[in-house]
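2 protein chains.
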Amino acid sequence: MKGPKSLSALMERLQSLPGVGRKTAERLAFHILKSTPEDVAALARALLDVKEKVRLCSICHSITETDPCSICADGQRDHGQVCVVEEPHDVYSIERIGEFRGVYHVLMGALSPLDGVGPEELKIAELVARVEKGDVREVIVATNPNVEGEATAMYLAKILKPANTLVTRIARGLPMGGDLEYADEVTLSKALGGRLKM
Amino acid sequence: MKGPKSLSALMERLQSLPGVGRKTAERLAFHILKSTPEDVAALARALLDVKEKVRLCSICHSITETDPCSICADGQRDHGQVCVVEEPHDVYSIERIGEFRGVYHVLMGALSPLDGVGPEELKIAELVARVEKGDVREVIVATNPNVEGEATAMYLAKILKPANTLVTRIARGLPMGGDLEYADEVTLSKALGGRLKM
Chain A
55 MKGPKSLSAL MERLQSLPGV GRKTAERLAF HILKSTPEDV AALARALLDV KEKVRLCSIC
115 HSITETDPCS ICADGQRDHG QVCVVEEPHD VYSIERIGEF RGVYHVLMGA LSPLDGVGPE
175 ELKIAELVAR VEKGDVREVI VATNPNVEGE ATAMYLAKIL KPANTLVTRI ARGLPMGGDL
235 EYADEVTLSK ALGGRLKM
Chain B
55 MKGPKSLSAL MERLQSLPGV GRKTAERLAF HILKSTPEDV AALARALLDV KEKVRLCSIC
115 HSITETDPCS ICADGQRDHG QVCVVEEPHD VYSIERIGEF RGVYHVLMGA LSPLDGVGPE
175 ELKIAELVAR VEKGDVREVI VATNPNVEGE ATAMYLAKIL KPANTLVTRI ARGLPMGGDL
235 EYADEVTLSK ALGGRLKM
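Just so you know, the protein sequences line up as chains A and B, in that order. Read left to right, the first sequence gives residues 55 to 252 (this note's numbering). Read left to right, the second sequence gives residues 55 to 252 (this note's numbering).
By construction, these hints were calculated from the structure, which means they are not laboratory data. None of the values given here were measured: they were computed from a predicted structure. Treat the hints with care, since some could be wrong.
The list treats identical chains as one, so a pair stands whether inside a single copy or across any two.
BS3-like cross-link-like pairs, simulated, lysine-lysine; straight-line CA separation at most 27 Å [unchecked claim]:
| no. | residue 1 | residue 2 |
| --- | --- | --- |
| 1 | K88 | K107 |
| 2 | K77 | K107 |
| 3 | K88 | K177 |
| 4 | K77 | K88 |
| 5 | K212 | K244 |
| 6 | K215 | K77 |
| 7 | K187 | K177 |
Using the sequences and the accompanying hints, generate a full structural model.
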């Protein structure tokens with residue numbers, strides 16, 4: 055497209071965002087053109103703000119503007135229960151259900167030897183240190199139920215064994231609203247193996 | 055979601071973009087968080103640049119950084135053939151096929167009495183003035199083939215009649231790759247009525 059140079063430049067930038075192709079970039083760019091200068095300036099400011107202000111919490115490695123983060127600093131929460139997740143956004147997925155009252159530990163990824171991600175690349179040593187300090191009653195491993203997440207969970211269970219802390223794994227099974235007919239074999243096998251007394 | 059304030063602010067801003075819901079805004083915001091500061095600064099800059107540099111061409115009302123725009127300033131193009139479109143991005147849709155060698159006229163919308171858009175809100179007087187100057191051989195009406203676009207086309211044909219210029223309308227019919235079985239009645243009727251000798 056041979057349009058104004060700044061418009062092409064914006065489209066190119068927008069296309070580097072996840073899930074944004076040529077058509078979407080075009081639609082967004084034309085929307086920006088029609089927006090008020092104030093709205094565009096506010097969007098640009100919001101983008102820069104996030105990069106300037108957001109850092110990682112020194113305790114749980116989740117994203118925060120203050121250190122420690124609001125969850126780690128919350129005396130009302132149960133600091134003896136640590137939920138281990140792969141990414142900062144996983145914290146918000148769990149917070150959204152509004153039930154978990156413990157704290158978090160973000161690994162910043164999952165073990166993936168093929169991509170060169172070993173235990174040293176993750177915040178595993180930091181987790182072990184937190185557990186060894188002694189006030190952690192339970193470590194809930196909430197890594198993703200895929201190959202990397204499962205491998206990471208197994209590794210954590212092994213490495214935390216000497217600490218003698220309860221290590222649990224979130225349940226894998228049929229999703230609510232799901233259908234036995236369409237469930238894959240591995241999920242069904244996990245659902246059967248993880249059955250609970252009613 | 056109770057995350058860092060600047061992150062929530064960014065998500066809210068992103069959600070005001072077309073086609074961006076809560077989930078997409080979250081995904082984009084976390085992508086921004088992971089991007090390098092340089093990339094984010096470049097995106098913010100591109101947003102501001104577009105608003106600062108892009109204006110409307112005083113001849114065709116398409117978007118441009120220079121006035122007149124590169125198409126209106128192009129001596130190689132046929133200035134006697136004016137293609138009328140609703141929005142600036144329609145110009146780029148037609149330019150993409152790379153066949154049209156005439157120039158454009160952007161109406162900045164279509165007639166829509168219910169939304170309070172009458173002829174005065176559109177660049178119709180400007181089109182009439184261009185045609186009355188006398189060097190326009192043909193006006194190709196390429197407004198959208200929907201209620202507003204069709205009404206606008208009919209209005210243009212009527213108002214341009216005294217100028218004695220050829221006014222044509224782009225063909226409405228079955229899209230290439232389409233299927234008679236799935237075509238709606240109006241399209242099929244237009245396709246039949248607009249048949250051409252082979």
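Taking the hints in turn, this is what the structure says about them:
1. K88 <-> K107: between (29 Å within a copy, 13 Å between copies)
2. K77 <-> K107: between (32 Å within a copy, 22 Å between copies)
3. K88 <-> K177: between (45 Å within a copy, 17 Å between copies)
4. K77 <-> K88: both (17 Å within a copy, 24 Å between copies)
5. K212 <-> K244: within (20 Å within a copy, 71 Å between copies)
6. K215 <-> K77: neither (52 Å within a copy, 37 Å between copies)
7. K187 <-> K177: within (16 Å within a copy, 73 Å between copies)
In this structure, the one hint that does not hold is number 6.
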